[in-house]
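Engineer: Residues per chain are reported as follows:
Number of protein chains: 2
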Amino acid sequence: MSLRPELPIGVFDSGIGGLTVVRALLERLPHENILYFGDTARVPYGVKSAATITQYAAQITDFLVARRVKLLIVACNTMAAVAVEAIRARSPVPVLDVIEAGAAAAIEQTRNRHVGVIGTLATMDSGAYEQAIRRQHPEITIHSRACPLFVPLVEEGWLDHPVTRLTAEEYLAPLLTAGIDTLVLGCTHYPLLQPLLQEVAGAPVRLIDSAHTTAERARQRLAEMQLLNPGASRPEHRYYVTDVPQRFQHIGERFLDRPLNTLEVVRW
Amino acid sequence: MSLRPELPIGVFDSGIGGLTVVRALLERLPHENILYFGDTARVPYGVKSAATITQYAAQITDFLVARRVKLLIVACNTMAAVAVEAIRARSPVPVLDVIEAGAAAAIEQTRNRHVGVIGTLATMDSGAYEQAIRRQHPEITIHSRACPLFVPLVEEGWLDHPVTRLTAEEYLAPLLTAGIDTLVLGCTHYPLLQPLLQEVAGAPVRLIDSAHTTAERARQRLAEMQLLNPGASRPEHRYYVTDVPQRFQHIGERFLDRPLNTLEVVRW
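Going line by line, the protein sequences match chains G and D. Mapped onto the numbering used here, the consecutive letters of the first sequence carry residue numbers 179 to 446. Mapped onto the numbering used here, the consecutive letters of the second sequence carry residue numbers 179 to 446.
Just chain G, same shape as in the assembly:
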């Protein structure tokens, strides 16, 4: 399969959270064509079994590969945690994922070697961040915590609300007591809570937003492969979803920070 710079980057997620990765890509790589796939009919993946998550991830990989992409980005922590090997095995193009990127950034940032990681139940149960970090730096201690209420709080729009603050205080308490100096936001919804989480965690704790680190790795990788789009024509951004849920447009635009056009519904 010959890859050309004009081919799009394929980005996929279980729902709309991955739009935070698209937003970071648009900032860094404004000339790239992008195909986004959000499995909004079957979201959330975070509470499903590994077998089901892997089956869905394979189906989405095939869909995007068939549409000729030059790079695949797994913008869903849950799929990255559970199914990245299955995705790599099916994909003829390079695959980047948010966990790999977040883990690398955490290793770079920590000074005291106590790193906190928060995410969905499935991501935390998988131990994927621990493995990704310890593979390179076995001396780092990881303190992890599943935060299943953060996604619905973000979708409710309670980004700076007493309920969200109280929830964050409860979820983060054990990590802060353990003395972390770095906190990985291991779910693509969480960047929207970044200001509140920074306040609850305190200024000395560095927050790692894996949307940004993933976009930066995509730029590096494309540059290495000489596949950066030179940008002669106007880039195309297409958004495929499996359902258009209540409030999708509204929530999606909050994630993307711009209008969400050219939405196509795929019925599976």
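Errors might be hidden in some of the hints.
Said to hold, decoys possible - So, partial list: chain D residues that the calculated Cβ filter (under 7 Å) puts toward chain G:
no.: 1; residue: Arg220
no.: 2; residue: Val225
no.: 3; residue: Val341
no.: 4; residue: Asp421
Unchecked claim - Far from chain D, by Cβ distances over 12 Å, these chain G residues were calculated:
no.: 5; residue: Pro272
no.: 6; residue: His292
no.: 7; residue: His315
no.: 8; residue: Glu442
Don't read these hints as lab results, they were simulated from the structure. Backbone N, C-alpha and C fix where the C-beta goes; we use that ideal spot for every residue, glycine too.
Position chain D relative to chain G; hints supplied.
Structural biologist: What follows is chain D alone, placed relative to chain G:
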């Protein structure tokens, strides 16, 4: 299609919430055979589009009808709100649903004719409770509010937690200001929050748990049709799910209030 008392009752939901209806059935109708279907791979329905919800509901109806049931109970407010006509059109056996039952109980209970209804986004947006109540009593004023955080709070197990109390205070405030004397719990997860919601609402407000009212209507309907199982043999209870999510057993048993056996996974 000839119906016999030994045939099971089919109960279905988008996930595990409908187990609160099964629990109420087991209390009132201990001799009945029950088939439960929970679409745990595709839960939650509450945020999906009406077209998708209707398609899923039809698929589950066909599945249960093919297994010979004598009565179908739609134990999911979202499906009852959006797809009950499609379900009735496909079903050769009588269909009961939680909205019909909850609306009838609210009409019976209210004295001041100000009724509150809470549920998921899809249920509230459908206006199904309003229609079901106004069809019989147009002079009743309905005050409704979507409470999308209650389901994740129940699943987190924060049934009596400061975060849940603060959330309930915010959600219920406009209904209480409006002077409701009756509050319909329009989602099968909510009965687990009943003690907390009763405290927040105050003792004079009557809470309607539609699991109980639905089970009572099932008993009446089977008696009218002379289809109550006399109970010679030990009843069988089978639970079909489309996925076994994280913590399913634990959460399911909290809903059912007894061990969850004979679980079968259907892969769609």
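Engineer: If a hint holds in the structure, say so; if it does not, say that too.
Structural biologist: These are the hints, each one checked on the structure:
For Arg220 (chain D), the interface hint holds, since its Cβ comes within 7 Å of a Cβ in chain G; the closest pair sits about 6 Å apart. The beta carbon of Val225 (chain D) is positioned within 7 Å of a beta carbon in chain G (closest approach about 4 Å), and the interface hint is therefore held. The interface hint given for Val341 (chain D) holds, since its Cβ lies 5 Å from the closest Cβ of chain G, which is under the 7 Å cut-off. Checking Asp421 (chain D) against chain G: minimum C-beta separation of about 5 Å stays under 7 Å; hint holds.
Non-interface status of Pro272 (chain G) relative to chain D is upheld: no Cβ of that chain comes within 12 Å, the nearest being about 30 Å off. The Cβ of His292 (chain G) sits about 26 Å from the closest Cβ of chain D, beyond the 12 Å cut-off, so the non-interface label holds. Distance to chain D confirms His315 (chain G) as a non-interface residue, since its nearest Cβ pair spans about 28 Å, more than 12 Å. In this structure Glu442 (chain G) is separated from chain D by more than 12 Å, as the shortest Cβ-Cβ distance comes to about 14 Å.
Against the hints set out earlier in the document, no violation occurs for any number.
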